[in-house]
Every structure is written in C-alpha cells, then in structure tokens.
Amino acid sequence: MMLPLAATASCGVPDLLAPPPGPTPSVRTLRASITAEQSLVDTYQRVLAAHPALTAMLRPFLTQHDDHLAQLKSRLIIPPHVKATPLPSPPAPASPPTSARAAIGMVGDAERAAAAAQLGRLAAATPSLAQLLASIAASEATHAVALSALNPAGG
Amino acid sequence: MATGALARGDAAGSADITALQSVLAAENAAVYGYGLAGAQLSGGQLSAARQYWTVHRAARATLSAMIAERGAQPGAAAVAYRPPFPVNSAGAAVSLAAVLEDGVVRAYLGLVALDDQGLRAFGAQGMQAAAIRAAFWRGSTTAFPGLPASALRTG
Chain A
21 MMLPLAATAS CGVPDLLAPP PGPTPSVRTL RASITAEQSL VDTYQRVLAA
71 HPALTAMLRP FLTQHDDHLA QLKSRLIIPP HVKATPLPSP PAPASPPTSA
121 RAAIGMVGDA ERAAAAAQLG RLAAATPSLA QLLASIAASE ATHAVALSAL
171 NPAGG
Chain B
5 MATGALARGD AAGSADITAL QSVLAAENAA VYGYGLAGAQ LSGGQLSAAR
55 QYWTVHRAAR ATLSAMIAER GAQPGAAAVA YRPPFPVNSA GAAVSLAAVL
105 EDGVVRAYLG LVALDDQGLR AFGAQGMQAA AIRAAFWRGS TTAFPGLPAS
155 ALRTG
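One line per chain: the protein sequences are A and B, in this order.
Take the first sequence: its letters are residues 21 to 175, numbered as in our numbering.
Take the second sequence: its letters are residues 5 to 159, numbered as in our numbering.
A couple of the hints might just be wrong.
[Unchecked claim] Far from chain B, some chain A residues (derived; all Cβ distances over 10 Å):
(1) 52
(2) 58
(3) 59
(4) 75
(5) 76
(6) 79
(7) 94
(8) 95
(9) 105
(10) 155
(11) 165
[Unchecked claim] Looking from chain A toward chain B, a few residues come up when the C-beta cut is under 10 Å (computed):
(12) 84
(13) 88
(14) 90
(15) 117
(16) 138
(17) 147
(18) 151
(19) 156
(20) 157
(21) 158
(22) 159
(23) 162
(24) 166
For the record, the hints were derived by calculation from the structure and aren't laboratory data.
Every residue, glycine too, gets a C-beta built ideally from N, C-alpha and C.
Start from the sequences and build out the full structure, keeping to the hints where you can.
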C-alpha cells in the first residue's frame, strides 16, 4: 500500500522536499564572533598603517587577535555537502585619528566593546564555545587595560 | 517525564554547586596567597596586593552566599596552603600573585560551561577581572586566559 506524501510527513518521516535546516544558534554565534574578531583585526591594521611607529607597541595585541580568529575559524566546520555561506564582511573601521595617543584610544575602545559583545553571545553558545568566547573576552579586557597604560612618544 | 525533568534539574543544580565550590576554593587560596605575597612586597605592589586581597575576600563572601542559597554548605578554607615555590623575594611574590590569579581565572571558566545563564555571565565577568589582575602581575597579556592548551585546536 502506498501512502500519500502528506500522510508520511505527518507520521514523523522527514519531509524530503524541505530545505535543509538553517544553522543552529551556536553556529550563528560563532559566525558573529568571527566577524567581530575580524573587525578588531581590521581596526588594528588600519591604525598600524596610519601609525607605523606604534607597531612595536600594538603588534603583540594584534598577534593575539590573529590567534583568536584562527581558533574561532577552526570551529566553523562546513559539511562537505553543504554550500558554505560566506561570512558577512565586518563594517569598515573608522579612519584612525592623526594623534598616536588617540589612535591607541581607538583600539582600546574597540577592545572594550568587543569584550562586552562576546559576553552577550554566551547564552546561545555551546558550553565549549562559551568557554572559548569568555576566554577571548577576558583577553580583550586585559588588552583594553594594557592599552590605556601605553604612552606613545610624541603623543 | 516529570521525574526525568527533576533528575535533570538536580544534576544541573549539583553541577552548579560543584563549579561554585571550585571557584570558592580558588578564592580561598588567593586570599591566603596574597597574605604570603604581601609580606615580600612594598610600595605600589604592596598596595595592589592589599587591594586585590580585599577583592578576593569580597568574592569569597559572595560565593559562599551563592552556595548557601542553593542549599549547600560552602567549603571551608584550609588552615594553610603550600605555595608552588618558595616565596622569599619580591619577584617570587609577584610570580605567586600571577599564579593565584591564573587559578582564579580557570575556576571561573568552569562556571561558563554551565547551563545557568546567570552563572555563565558571572563566570565570564570573574574571568575578566582575574585575567586583568594576572596581566598586571605578569606584565603582559595572554591570548586565551584560563583555557588549557589542550582546549585549543592546532593547524
């Protein structure tokens, strides 16, 4: 006996014609974190391009953000049969201030904002992703404090 | 079904208490350890040690209350704690302070893996504060405060 499709769907059989399920909240959280981290890296790179003299001061922080980004990306696993949706591009960072001190203040503000935003993503994350995000947020909080203590030559 | 839900609730509550007791134990160790470290410090470092000792005492009280609210007995502090190395100089005291704060960061990280969203946020905030203090003593920041190397993906 052949059942109509509508009958099979109501019996708990997966609807073969339905689109594949969308990303889980945790995956959406991970993608948002990657975009945010990329934005922070972009901010550092723009500041360093405008103020190469700050490289020695800021490079250690940027290196740690590169590490953050690598860890986050390593957790985004796209199954081979799924067409990967490109990650959204982060918004273009603001132009760095002409003053070196103000430029450091700009990255410090970005660090504080990033740390706060990571905390807002914890609820939707799996336990292990939440721990990674919290650790990254803690790192960003330490960056913000360390940046506020920097004293660039020439102001 | 109700029994299963209750069992899951009990398990979650038990996990919450276990994680909170771990944080309390780390805070107890920090209170004792800052007493050891403070005996070797002077000037601004002694002031910082005193300030952080007060912070850890307050955190200990908060955690004890949180554990008691959940119907459990807060773990008692040990009479004494053995430092991981002899603390007979200012340099060793600074190293001990960094080690203590690293331990506190790791303990708060445990809260971030819980289902309770309030405890997750509390844990993440505790991580940030302790990571900032650890960076103060160490004089540098780290990319992944609290996370063991085994939790990080390579390649």
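For each hint, the structure was consulted:
1. 52: The claim stands: residue 52 (chain A) keeps its Cβ more than 10 Å from every Cβ of chain B (closest is about 16 Å).
2. 58: 16 Å, holds
3. 59: 17 Å, holds
4. 75: Its Cβ never comes within 10 Å of chain B, the nearest being 17 Å, so this holds.
5. 76: At about 14 Å from chain B, residue 76 (chain A) clears the 10 Å cut-off, so the statement holds.
6. 79: 12 Å, holds
7. 94: 4 Å, violated
8. 95: Its Cβ does come within 10 Å of chain B, the nearest being 7 Å, so this is violated.
9. 105: 22 Å, holds
10. 155: At about 5 Å from chain B, residue 155 (chain A) fails to clear the 10 Å cut-off, so the statement is violated.
11. 165: Since the minimum Cβ distance to chain B is about 5 Å, residue 165 (chain A) lies within 10 Å and the statement is violated.
12. 84: 4 Å, holds
13. 88: 6 Å, holds
14. 90: 8 Å, holds
15. 117: With a minimum Cβ separation of about 23 Å from chain B (threshold 10 Å), the hint on residue 117 (chain A) is violated.
16. 138: 8 Å, holds
17. 147: Because about 4 Å separates residue 147 (chain A) from the closest Cβ in chain B, which is inside the 10 Å limit, the hint holds.
18. 151: Given a least distance of 5 Å, the restraint on residue 151 (chain A) holds.
19. 156: Check passed: Cβ of residue 156 (chain A) comes within 7 Å of chain B, closer than 10 Å.
20. 157: 6 Å, holds
21. 158: Holds. Min distance 4 Å.
22. 159: Result: holds, 6 Å to nearest chain B Cβ.
23. 162: Holds - the Cβ of residue 162 (chain A) comes within 10 Å of chain B, reaching about 4 Å at its closest.
24. 166: 6 Å, holds
Checked against the numbered hints given earlier, the structure breaks hints 7, 8, 10, 11 and 15 and satisfies all the rest.
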